[in-house]
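Undergrad: Just need the whole structure built from these sequences, with the hints factored in.
These protein sequence lines map, in sequence, to chains A and B. For the first sequence, the numbering used here begins at 22 and goes up steadily by one. For the second sequence, the numbering used here begins at 4 and goes up steadily by one.
Quick caveat, the hints were computed from the structure, so don't treat them as lab data. Just so you know, not all the hints are guaranteed correct.
List time: in silico SDA-like cross-link candidates among lysine to any residue, alpha-carbon distance up to 25 Å [to be verified]: (1) A:K52 with B:G96; (2) A:K159 with B:I371; (3) A:K159 with B:I193; (4) A:K172 with B:I358; (5) A:K139 with A:A43; (6) B:K35 with A:Y30; (7) B:K56 with B:G312; (8) B:K346 with B:F226; (9) A:K52 with B:K168; (10) A:K120 with A:E133; (11) B:K85 with B:A53; (12) A:K198 with B:Q339; (13) B:K35 with A:H33.
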Amino acid sequence: MDPHYPLIYVFHFYLFGVIAIASALAFVTRKSPVSAALWLVNTMFSLSVLFVMLDAPFIGVMQVLVYAGAIMVVFLFVVMLLNLGHPSDLADVRGGWWKIGAGVFGLVMLAEIWVVSKTRLSGDLVLPPGANESALAKLGAVGAIAQPLFKDYLLAFELTSVLLLIAIAGAVILGRKVGTSAR
Amino acid sequence: MNILALHPLLQVANPNLPPTSTGVFFIATIVKMLIVFTVYMIGVALLTLAERKVSAWIQDRHGPNRVGGKGGWLQPAADGLKNFMKEETMPAGVNKPLFVLAPIMSFIPALTTWCVIPFGAPLPTRWGRIDMVVADLPVGFLFILALGSLGVYGVVLAGWASNNKYSLLGGLRSSAQMVSYEVSMGMSTIPVLLLAGNVTLNTVINQQAWGGWNVVNLTIAFFIFMVAAFAETNRLPFDLPEAESELIAGYHTEYSAMKFSLFFIAEYANMVTASALMVTLFFGGWDVPFTSHDNIGPYSGWLTLLSVGIYLAKVMFFLFTFMWIRWTLPRFRYDQLMSLGWKFMLPLALSYIVIVAMMMLLLEIAGIHPGVFYATILGAVNVILVIVLFAVLDRGRIISPAYGRMHPEELKRLRRLASRSTLSTEASS
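TA: Written out as C-alpha cells, the structure reads:
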C-alpha cells in the first residue's frame, strides 16, 4: 500500500481486510450450515466496507442489499427448511485427495495474488487522481454507475438480463410438478 | 493540526456554509448521534405506553393508569425495570450464540437506519452550518434499503436457534414475508427517486419542497409503500410471524426478560423508522407546509426548531396510524398475504414505474421543466390513476388475490348451504 494514505485509512483497510479473511476462513470451516452462512454474511459486510473506502458507495451498499439482505436470507431459509440435523452428525464424504487438491488450488490463488500485487498497471488502466470524487459529485452515487452501464455497456447489460431470464425460466420448468399443466 | 476541540470552538466561520474544520464536524456528529439516540430510545419507550393508551381508547377502556399519576406516565419505566429483574431463561437445546445474537440483530438495523434520515432545516452556528442529519451519505436511501433488508436476520435466527417448532414456523413465515414485501417496497420508491433525480434524502426533500409533496403526485407509490411498511414491521394486519392463535408468540416464544424486551423495542424502533421514511419520501420531510422561505437560506435557529417540530408531528401522525390500524383490522391469511405481495403489489409497482417514467419523458419532450405547472400535470394524472385503481379496477378484479378469488358457482353453492342450515329455507334462493 502506498505510504501517502492517511493512517486512519490504512488502519481501517487492514482491520476490515483481516475481518473479511477471518470470516471467510470461519465460513469454510464451520460444520453447522447456519453459522457458516452467518460468517459469509460477515465477510460480505467487510467487503462492503472496503468498497466504500474505495469511493464506490453504490457497490458497497449493493453488496449488503443483494448478497447479505436477499441471497443469504434465501440460503438460510432453505437451510432451515431442510433442517440437516445436528452438526456433529454431518460428515465430510470427500476423501483426502480433495483436501490436497484444495490446498494446491489455494496455493495457486495465493501465488496469483502475489504476482498481481507486484505488477505495475499500464497507464491506461489507472484513473487520474480524484476522478472518482469528481464523478460522485457530478453524477451522484447511482449516476456514476448508471451512465456507463446504460450507455457504453448497454448490450452486455441486456445480454446479462436475458441470461438471468433464461435461468428463471429454467428454474420454473425444473420446479414444475410432472403431470400437472402449467398454471 | 488542531488539538481536536479547543481550536475549532474558538473559530468563527460563515454560518451559512458547511463547517471547514474536521474537529467541528467530528463534535457535531457526536452530539447529533447522542441526541438522536436519546430521543429515539425515550420515544420508543413512550410508544409502548401510547400503544396501550390508543388500544384502550379504541376499545373503550382506561388503559394503564396507576404508575406515575393518572396518565400512567411511568408505566414504561416500570416495564423496563420488570424486564431487568426477570429471569433470563435459556431453554434446553438452543443454539446459544445465535440465541443471544438474534435480539441484537433485530434491534441494531432499526437503530442504524436513523443516521441518514434528515430531521430538520440546517442550523447556522458560529462554527458553520450544521445539517440536521447524522450522516449525509451519497447513497442515502439505498443505505436504508440495505439495512432494512438485514432486519429479517434477527427474526429468522431467533426462530431457528430457539429449537422450538412454533418459533421456527414464525421465523420461516417472517423471512418469506419480509423478502416478498421488500421487493414491492423498493420498487414503490423508484418513482420518488426518478422525480428527485438522486438517491440522497436531502434531494428528495428539496424536490418535494419545490414541486409539491409526493403523496399528491405519486399517491399509488405511497399506497404500496405504506402497505409494504406494515408488512416489513410485522404489524397487524401482517403480523403472521407472531400470530398468537396459531404460533403462541412466533419467533420470540422462548425469549424472556431483556432479550424479549429487545425484540419489543425493535418492533417499535422499526415502526418509528418506517413512519420517518413515509414522511421523508412522501410528506416532504421537515418541509413546513404552505411556506417557501424555509427551503432557502438564510436559516435561523427558530426555523430549525420549527422544522424539527413539524417533522416530529408528521412522524407521530404515522405512528398513530400504525396503532389505529392494528386495533382496527384483522389479520391476513397466509396465502392472502403472499398473493397480495406477489400478484398485486409487485405488478402494480412495476407498471407504476413505467407510467411515471413515460410521463416524465413526455413532459421533457414537451419542454415543460419542473415547477408549478409540471407538478400540476403530475397531480392531475395521479388523480386519474387513483380513480382508475381504487374505484374502477378494485371491484373484485385486481385486488381480489388478496381475499382469495372464488368461482361464482362455488359462491352460490356456499350460499345455498348457508341458507339450508337456517330455519327459513326460502330466504335466499
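Undergrad: All the hints need checking, so say for each whether the structure fits it.
TA: Hint check results:
Proposed proximity of A:K52 and B:G96 is supported: the alpha carbons are some 17 Å apart, at most 25 Å. Distance hint between A:K159 and B:I371 is fulfilled; the C-alpha atoms sit about 23 Å from each other, no more than 25 Å. Of the supplied pair hints, the one linking A:K159 and B:I193 holds, its CA atoms being roughly 21 Å apart against a limit of 25 Å. Using a Cα cut-off of 25 Å, the hinted pair A:K172 and B:I358 holds, with the two alpha carbons roughly 22 Å apart.
Distance hint between A:K139 and A:A43 is fulfilled; the C-alpha atoms sit about 24 Å from each other, no more than 25 Å. Taking the CA atoms of B:K35 and A:Y30, the gap is about 24 Å. The hint holds against a cut of 25 Å. Straight-line distance between C-alpha atoms of B:K56 and B:G312 comes to about 23 Å, which keeps the hinted pair within the 25 Å bound. Note on B:K346 and B:F226: the hinted pairing holds, with a Cα-Cα distance of about 16 Å set against a maximum of 25 Å.
Simply put, A:K52 and B:K168 have alpha-carbon atoms about 22 Å apart, close enough for the 25 Å limit, and the pair holds. Of the supplied pair hints, the one linking A:K120 and A:E133 holds, its CA atoms being roughly 20 Å apart against a limit of 25 Å. Taking the CA atoms of B:K85 and B:A53, the gap is about 19 Å. The hint holds against a cut of 25 Å. For a cut-off of 25 Å, the pair hint linking A:K198 to B:Q339 stands: about 23 Å separates their Cα positions.
A C-alpha spacing of about 24 Å is found between B:K35 and A:H33, which places the hinted pair at or below 25 Å, so the restraint holds.
In summary, the structure agrees with every hint in the numbered list given earlier.
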